[in-house]
Amino acid sequence: NAGVTQTPKFQVLKTGQSMTLQCAQDMNHEYMSWYRQDPGMGLRLIHYSVGAGITDQGEVPNGYNVSRSTTEDFPLRLLSAAPSQTSVYFCASTEAGAGELFFGEGSRLTVL
Amino acid sequence: DQQVKQNSPSLSVQEGRISILNCDYTNSMFDYFLWYKKYPAEGPTFLISISSIKDKNEDGRFTVFLNKSAKHLSLHIVPSQPGDSAVYFCAALGGGTSYGKLTFGQGTILTVHP
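Protein sequence lines correspond, in order, to chains R and F.
For the first sequence, our numbering begins at 212 and goes up steadily by one.
For the second sequence, our numbering begins at 173 and goes up steadily by one.
To be clear, the hints were calculated from the coordinates, so they are not data collected in a lab.
Heads up, a few of these hints could be off.
[Said to hold, decoys possible] These stretches of chain R come out as covered by chain F in the derived footprint (C-beta under 8 Å, 3 or more residues): (1) 242 to 255; (2) 310 to 317.
[What the hints assert, rightly or not] Every beta carbon over 10 Å from chain F, so not counted as near; a handful from chain R, in silico: (3) T218; (4) V223; (5) L224; (6) T226; (7) S229; (8) T231; (9) D237; (10) G264; (11) V271; (12) P272; (13) G274; (14) L290; (15) S291; (16) A293; (17) P294; (18) T297.
Computed from a predicted model, the values in this text were never measured in an experiment.
All C-beta atoms, glycine included, are put in the ideal place defined by N, C-alpha and C.
Isolated chain F, as found in the complex (with noise of 0.2 Å):
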């Protein structure tokens, strides 16, 4: 059973607009949470997190808005550029779990047209 879940395969926006990607989770007790960029033939980058006694966390372009009670977690990228053409992966972690046992949707590809 798929307990983190990005439905959209793909993406795609116009370079300057915003991107918004979508993660919800079924795991009431994961209580962190965190965005992953891979670009093709390289490991997934750290990109942002944030925690479940948050709801909003923002580093420069990027801004991870957490609803807990709907499980839903989203990434906003803006203003959106070519260079963040990528896959996004969003993890969770907790209940527990040990620190390097994420668990990953399964990514949205994202494209962003010049």
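Here chain R stands alone, though its shape is the one from the complex (with noise of 0.2 Å):
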């Protein structure tokens, strides 16, 4: 029963280099999310998606982009990384008709 998986839980990268969260959810949930932690900040929604092919910007979706080619997989991309991404992401979903998400163990940035 493994839920929403997050890979790798923990990434370092520097400055300008590009990298890919992967997130897989094998609940069959339509809607799906990735948040950042940050101190004093809580968690702010980057990018979500509603569907298979269907994606949409949140909060904070700046340096970020997003796919939803299949129901289970909802990749983050950081196409050129910036010491201000340094973050702790998770990767959330639900069901329709629910407000309560399933997130992930999360994934840890540090970008130097």
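Fit the two chains together into the complex; they arrive one by one in their own frames, and the hints show the way.
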């Protein structure tokens, strides 16, 4: 019963490098989201998706790209990492009609 | 502009006593509120929720109260246990926003001392 799986759990990047944070869920949830957690800021929504092929921006989308080619997967791409993107990233999913999000364990990213 | 605010960064209580965590919101379109609990190195987990048509929801030791006129909600934990020590986030949904698009507060670190 995997739920929401995020990889990698830890990553260190240099400024300007690119990478993809992977997220997969096995609950057949329609809705998937990416949040970042920073001290004193809570969790802020980066991008979300209401179904395969449909994505939209959240509160802090700049510097991030997403795509949703399947129901299960929702990768988050950093095209050119910046130190301001140092954070803990959480992927979450939920089914239609529900408010409760199921979160992954998080990915801690450090950009030097 | 922070639409959901948790003004107490931390709270310390004794085991067996009541913990009260507070949350204020500014967007009157919010109509569903949730509390999440987060342990270090783990993702947040859903704790309890309340719809705006109610003013109280109870689940075991956890009770959430909603005061719509004051745009305020609180989470009561009675009795508090050391295992309740965690970061607690309140979150809100509504105003036609899609499910999965929660707005979170900054979080309150709860420490329950044995």
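How the hints compare with the structure:
Against chain F, the segment 242 to 255 of chain R contributes 9 residues with a C-beta closer than 8 Å to a partner C-beta. That satisfies the three-residue criterion, and the hint holds. For the segment 310 to 317 of chain R, the proposed coverage by chain F is satisfied: 8 residues have a C-beta within less than 8 Å of a C-beta in that chain, meeting the threshold of three. With a least beta-carbon separation of about 13 Å from chain F, T218/R lies farther than 10 Å from that chain, consistent with its non-interface assignment. Its beta-carbon lying about 17 Å from the closest one in chain F, V223/R satisfies the requirement of being farther than 10 Å from that chain.
Non-interface status of L224/R relative to chain F is upheld: no Cβ of that chain comes within 10 Å, the nearest being about 20 Å off. Its beta-carbon lying about 26 Å from the closest one in chain F, T226/R satisfies the requirement of being farther than 10 Å from that chain. No Cβ of chain F comes within 10 Å of the Cβ of S229/R; the nearest lies about 25 Å off, and the non-interface call holds. No beta-carbon of chain F is positioned within 10 Å of the beta-carbon of T231/R; the least distance is around 19 Å.
Once the 10 Å rule is applied to beta carbons, D237/R is consistent with being away from chain F; the minimum gap is 15 Å. For G264/R, the shortest C-beta to C-beta distance to chain F comes to about 15 Å, beyond the 10 Å cut-off, and the non-interface label holds. For V271/R, the requirement that its beta carbon stay farther than 10 Å from each beta carbon of chain F is met, with the minimum near 12 Å. Interface exclusion of P272/R from chain F stands, the closest Cβ pair being 12 Å apart, more than 10 Å.
Under the 10 Å C-beta cut-off, the non-interface status given to G274/R relative to chain F holds; the minimum distance is some 19 Å. Every Cβ of chain F is farther than 10 Å from the Cβ of L290/R; the closest lies at roughly 23 Å, confirming the non-interface assignment. No beta-carbon of chain F is positioned within 10 Å of the beta-carbon of S291/R; the least distance is around 26 Å. Here A293/R stays apart from chain F, with its beta-carbon at least about 23 Å from theirs, past the 10 Å limit.
With a closest Cβ-Cβ approach of about 22 Å to chain F, P294/R is found to remain outside the 10 Å limit, as its non-interface label requires. For T297/R, the requirement that its beta carbon stay farther than 10 Å from each beta carbon of chain F is met, with the minimum near 17 Å.
Checked against the numbered hints above, the structure violates none of them.
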